[in-house]
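Novice: Same order as they appear, the protein sequences are chains Y and L. Heads up: the first sequence begins at 20 in this note's numbering, then just goes up one per residue. Heads up: the second sequence begins at 20 in this note's numbering, then just goes up one per residue.
By construction, these hints were calculated from the structure, which means they are not laboratory data. Take these hints with a grain of salt, some might be off.
[As the list claims (entries may be wrong)] Straight-line Cα separation of at most 16 Å, EDC-like style, residue types lysine to aspartate or glutamate; simulated pairs:
1) L/Lys277 <-> Y/Asp260
2) Y/Lys271 <-> L/Asp193
3) L/Lys119 <-> L/Glu64
4) L/Lys277 <-> Y/Glu56
5) Y/Lys271 <-> L/Glu270
[As the list claims (entries may be wrong)] Derived contacts from chain L toward chain Y, CB cut-off under 10 Å, selection only:
6) Lys41
7) Glu42
8) Leu75
9) Gly95
10) Pro96
11) Leu97
12) Ala184
13) Gly186
14) Arg238
15) Arg242
16) Trp251
17) Glu267
18) Ile280
19) Gly283
20) Glu290
21) Phe292
Yeah, the Cβ is synthetic: ideal placement off N, Cα and C, and Gly gets one too.
There are 2 protein chains.
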Amino acid sequence: MFEKIAIVGVGLIGGSLARAVKEKRLGSVVVGLGRGETNLRKALELGVIDVMSLDLETGIRDADLVVLAAPVGSLGPLIRKIAPWVRPDAVVTDVGSVKKPVVSAAAAVFPEPLRFVGGHPIAGTEHSGVEASFASLFVSRKCILTPEEKTDPEATERVRALWEAVGSEVVRMDVETHDRILGFVSHLPHIVAYALVHAVGRADPGEDTLLPFTAGGFRDFTRIASSHPEMWRDICLWNRDPLLLALEAFEKVLQEFKDLITTGSGAGLEERFQEARRIRAGLPQPVSSGTHAGKS
Amino acid sequence: MFEKIAIVGVGLIGGSLARAVKEKRLGSVVVGLGRGETNLRKALELGVIDVMSLDLETGIRDADLVVLAAPVGSLGPLIRKIAPWVRPDAVVTDVGSVKKPVVSAAAAVFPEPLRFVGGHPIAGTEHSGVEASFASLFVSRKCILTPEEKTDPEATERVRALWEAVGSEVVRMDVETHDRILGFVSHLPHIVAYALVHAVGRADPGEDTLLPFTAGGFRDFTRIASSHPEMWRDICLWNRDPLLLALEAFEKVLQEFKDLITTGSGAGLEERFQEARRIRAGLPQPVSSGTHAGKS
Numbered sequence: 020m021f022e023k024i025a026i027v028g029v030g031l032i033g034g035s036l037a038r039a040v041k042e043k044r045l046g047s048v049v050v051g052l053g054r055g056e057t058n059l060r061k062a063l064e065l066g067v068i069d070v071m072s073l074d075l076e077t078g079i080r081d082a083d084l085v086v087l088a089a090p091v092g093s094l095g096p097l098i099r100k101i102a103p104w105v106r107p108d109a110v111v112t113d114v115g116s117v118k119k120p121v122v123s124a125a126a127a128v129f130p131e132p133l134r135f136v137g138g139h140p141i142a143g144t145e146h147s148g149v150e151a152s153f154a155s156l157f158v159s160r161k162c163i164l165t166p167e168e169k170t171d172p173e174a175t176e177r178v179r180a181l182w183e184a185v186g187s188e189v190v191r192m193d194v195e196t197h198d199r200i201l202g203f204v205s206h207l208p209h210i211v212a213y214a215l216v217h218a219v220g221r222a223d224p225g226e227d228t229l230l231p232f233t234a235g236g237f238r239d240f241t242r243i244a245s246s247h248p249e250m251w252r253d254i255c256l257w258n259r260d261p262l263l264l265a266l267e268a269f270e271k272v273l274q275e276f277k278d279l280i281t282t283g284s285g286a287g288l289e290e291r292f293q294e295a296r297r298i299r300a301g302l303p304q305p306v307s308s309g310t311h312a313g314k315s
Numbered sequence: 020m021f022e023k024i025a026i027v028g029v030g031l032i033g034g035s036l037a038r039a040v041k042e043k044r045l046g047s048v049v050v051g052l053g054r055g056e057t058n059l060r061k062a063l064e065l066g067v068i069d070v071m072s073l074d075l076e077t078g079i080r081d082a083d084l085v086v087l088a089a090p091v092g093s094l095g096p097l098i099r100k101i102a103p104w105v106r107p108d109a110v111v112t113d114v115g116s117v118k119k120p121v122v123s124a125a126a127a128v129f130p131e132p133l134r135f136v137g138g139h140p141i142a143g144t145e146h147s148g149v150e151a152s153f154a155s156l157f158v159s160r161k162c163i164l165t166p167e168e169k170t171d172p173e174a175t176e177r178v179r180a181l182w183e184a185v186g187s188e189v190v191r192m193d194v195e196t197h198d199r200i201l202g203f204v205s206h207l208p209h210i211v212a213y214a215l216v217h218a219v220g221r222a223d224p225g226e227d228t229l230l231p232f233t234a235g236g237f238r239d240f241t242r243i244a245s246s247h248p249e250m251w252r253d254i255c256l257w258n259r260d261p262l263l264l265a266l267e268a269f270e271k272v273l274q275e276f277k278d279l280i281t282t283g284s285g286a287g288l289e290e291r292f293q294e295a296r297r298i299r300a301g302l303p304q305p306v307s308s309g310t311h312a313g314k315s
């Protein structure tokens, strides 16, 4: 499918894609690039990549597919840096959780028709790093692509084929829709989980901390609050407006619930709890084992 | 340990206690009481109880231990109803998630020294009903007892011995502390989960619903939002003030996070996300298999 695939950032996502690409023989050689020498050595040792290089320029120059899997906050500068080295016929894509700043950065530096295609595999775990990577991470997961009018359709097709080959269901949508949806289904729950852990952690009813009295439900609930702090900082900064809108929508519901509790409206509460159960029952069913539950 | 144990309400908690009591031979006979004939027949068929009775009075009259495991909203009226039938030497306890209304109801009808001891095993799953019960539900879980000054210490000791015999770690605290702590570590997360499911369920960025784009993290996070709606309605009504205080504390943290996002304070966000990870890492470790994760 590809000759030389360059993956910049060989962490959980980049590493899992490298593993899947090698397993499915989708590229002749997979080159791992990035700033962390220790991490790249580890990826090489684990057989996740075929070749490592600390020299970004050399690594990019002869790749026909470049996958940017570095932290979302670094993607803008990274795109500007590599732009002069990308082969005119190469396809470039990324895996960032926020699409607008990445797609804008690419549109500003690459020639039209754009051979850059914004991408976002809806997959992950709360673990990070190449050690946590595994080839089946993307199987039966959705992968969102955000090509624009000025994007080369052939580039979009090649990126679609890549994700389908590693098992994903590819969905196309525009950049704004992606950022708005992810603001709700992923970024909002993370911020809520972080806030909940803080609220419980800070509350102290007197002599003792509350934490010994938390049980499995709270633990599950706050699992996502142990996700990568730098990544979530960047997501908050890069998807600020859609996230704030989602937070406001959530606060509105919370206020409604508070009013029902304050006025003792048992029927109103029960109706909403029934409805929540119905909504949740309609969620996509988990496909892989519990150990590798995806991030949302 | 006991002669005849009467359990009123043979659902997940009552049924699991009945199973554990029989497994550990803590009582000569376990009588299941309650209003649902179908449920009691099921409990009898499953061998969870030895005897069933639809006649509350007969069931209570010769029991030396009465465990009230009916829905928390029904415990006040239930206590007033059974009070005349309870043997003077019998011990009475409950498993309700809110303690103040239950303990107050008992104090109003039973003679002093009270042989009623408020109890709350911090255990459960998101499933309900006797079919979901299992004997090891309470193993290594905390069980909170809330005896008062006028409670007979011998009664407290017998209830403590019961819970320790089924594997729990018994902790004593006063009623107000219990309700305040549970308001934070259990009731608050449930309301937040319910509100989150509603916020995402109601949001619609245009042509399509968001739900297909949720992944494992959101699913885990909202697992507790499929808990029993009537039970959570009652908890909201009975623990109103402590729950509202917890909700306000949570909203304060959420507002702080919103401010950091609005002003783009990356360092402040990262610091809080790091701290959340540390707090969560200090939580009690899960003890049983994932299938039977406790409620919080």
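Novice: The structure should be examined with respect to each hint, and the outcome stated for every one.
Specialist: Status of the hints after comparison with the structure:
1. L/Lys277 <-> Y/Asp260: 11 Å, holds
2. Y/Lys271 <-> L/Asp193: 34 Å, violated
3. L/Lys119 <-> L/Glu64: Answer violated: L/Lys119 to L/Glu64 is near 35 Å, above 16 Å.
4. L/Lys277 <-> Y/Glu56: Given that 16 Å is the threshold and the Cα spacing comes to 36 Å, the pair is violated.
5. Y/Lys271 <-> L/Glu270: 11 Å, holds
6. Lys41: 24 Å, violated
7. Glu42: 22 Å, violated
8. Leu75: This hint is violated: L/Leu75 lies away from chain Y, its Cβ roughly 24 Å from the closest one there, beyond 10 Å.
9. Gly95: 14 Å, violated
10. Pro96: The hint is violated - L/Pro96 has no Cβ within 10 Å of chain Y, the shortest such distance being about 15 Å.
11. Leu97: Nearest chain Y Cβ about 18 Å off; hint violated.
12. Ala184: 20 Å, violated
13. Gly186: 14 Å, violated
14. Arg238: 6 Å, holds
15. Arg242: At 6 Å from the nearest chain Y Cβ, L/Arg242 passes the 10 Å test, so the hint holds.
16. Trp251: 5 Å, holds
17. Glu267: 8 Å, holds
18. Ile280: 5 Å, holds
19. Gly283: 6 Å, holds
20. Glu290: 8 Å, holds
21. Phe292: 4 Å, holds
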